[in-house]
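> The chain contents come next:
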Amino acid sequence: MPFLQEQDAAFVRTRLAQDLRDDVTLEFFAPATGGLVLPGQDGQTAEYARQILAEVAALSPKIRLNVHSTIAEPDAAKAFGIARTPGTAVIGAHDFGVRFYGMPAGYEFATLLELIITASQGTTAIAPQTREMLAQLQRDIHLQVFVTPT
Amino acid sequence: MRADIVEAGEFPDLAERYNVYAVPKIVINDTVEFVGAQPEAEFVRYVAQAGGLQEAPPADE
Chain A
1 MPFLQEQDAA FVRTRLAQDL RDDVTLEFFA PATGGLVLPG QDGQTAEYAR QILAEVAALS
61 PKIRLNVHST IAEPDAAKAF GIARTPGTAV IGAHDFGVRF YGMPAGYEFA TLLELIITAS
121 QGTTAIAPQT REMLAQLQRD IHLQVFVTPT
Chain B
151 MRADIVEAGE FPDLAERYNV YAVPKIVIND TVEFVGAQPE AEFVRYVAQA GGLQEAPPAD
211 E
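Each protein sequence line maps, in turn, to chains A and B. Just so you know, the first sequence maps onto residues 1 to 150 in my numbering. Just so you know, the second sequence maps onto residues 151 to 211 in my numbering.
No lab work stands behind these hints: they were computed from the structure. Keep in mind it's a predicted model, so treat the numbers as computed, not measured. Ideal Cβ positions, reconstructed from N, Cα and C, are used throughout, including at glycine. Please note: incorrect hints may appear among the correct ones.
[As the list claims (entries may be wrong)] Examples of chain A residues lying across from chain B (beta carbon under 10 angstroms, computed):
#1 113
#2 117
#3 126
#4 137
#5 146
#6 147
[Unchecked claim] Selected chain A positions facing chain B (Cβ under 8 angstroms, derived; list incomplete):
#7 54
#8 100
#9 108
#10 142
#11 144
Just need the whole structure built from these sequences, with the hints factored in.
Encoded structure:
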C-alpha cells in the first residue's frame, strides 16, 4: 500500500513542479537494503523510510533517490557524514549539510518536502543580519533539531 | 554548518542524552539548547552563542 494517498501525491507533485529549480539527490542509508533484515536491526522503519522517499522521488523528474547500505558501503556513509540509520542526505546543487534521521512521516513529511525544495532552490529567506552573523562565526556549528511525527 | 533533523522516537539514546521531553528541541554544538519554535532573531542569538561570538548582534540595526 502506498504511503501517499492519491490526492496527497497530486498535491505534492504540483508543489514540486512549481518550486523545484536544481536537481535534488536523496542519499538514503540503511544497514541493509533490498528487504533484507538483519538480526537486532529495525529493518521495518528503514524500509518505510525508503518507501516514503521513493514515492516522493517518483513525483518529480528532478528528484533522484540513491539507496545505500551502510554495511556494504561504509565509505559512502562516512563521505556523507551519515551517523545513524535510517539517515538521508538531501543534496541540491551543493551539499548544504542537511541530514534527516528517521522516518519522514506525519508532520515530518512536510519537513522533508521543505528540505527538498530549499536544497533545490539553493537559498533561504533568512534576513541579511542573519547572514552577516553567520559569516562571523568562529567555529563550526552542528544543529540538531529533535522532532516527532505527531 | 551542518543540520540534523532527528526523529526523537526512533533514536531514544539521543533523546535521552539531550533530555528531549518536548519538541522541537534544538541542540547546538552540544552546548546551547532551547525548546520550541523561535523567531529568527532569537534563533540566531543561540547560534551566535554556540559559535563563539562574544556578543550576539542586535536583532535589528
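> Give a verdict on every hint.
Here is what the structure says about each hint:
The interface hint given for residue 113/A is broken, as the beta carbon of that residue sits about 12 angstroms from the closest beta carbon of chain B, more than 10 angstroms. Because the smallest distance between the Cβ of residue 117/A and any Cβ of chain B comes to about 15 angstroms, over 10 angstroms, the interface hint for this residue is violated. Interface restraint check for residue 126/A: the shortest CB-CB distance to chain B comes to about 7 angstroms, inside 10 angstroms, so the restraint holds. Taking 10 angstroms as the C-beta cut-off, the interface hint given for residue 137/A holds, the closest approach to chain B being about 4 angstroms.
A distance limit of 10 angstroms between C-beta atoms decides the matter here; for residue 146/A the minimum to chain B is near 4 angstroms, and the interface restraint holds. Interface hint at residue 147/A: satisfied, since its Cβ lies 5 angstroms from the closest Cβ of chain B, which is below the 10 angstroms cut-off. The restraint placing residue 54/A at the interface with chain B is violated, with a minimum CB-CB distance near 18 angstroms, outside the 8 angstroms limit. Taken as an interface hint, residue 100/A checks out: its beta carbon lies about 5 angstroms from the nearest beta carbon of chain B, inside 8 angstroms.
Annotation: residue 108/A was flagged as interfacial toward chain B, and the flag holds, the nearest CB pair being 6 angstroms apart, inside 8 angstroms. Taking 8 angstroms as the C-beta contact cut-off toward chain B, the hint placing residue 142/A at the interface holds, the least distance being around 5 angstroms. A least Cβ separation of about 4 angstroms between residue 144/A and chain B falls short of the 8 angstroms threshold, and the interface hint therefore holds.
When each numbered hint is compared with the structure, violations occur for hints 1, 2 and 7.
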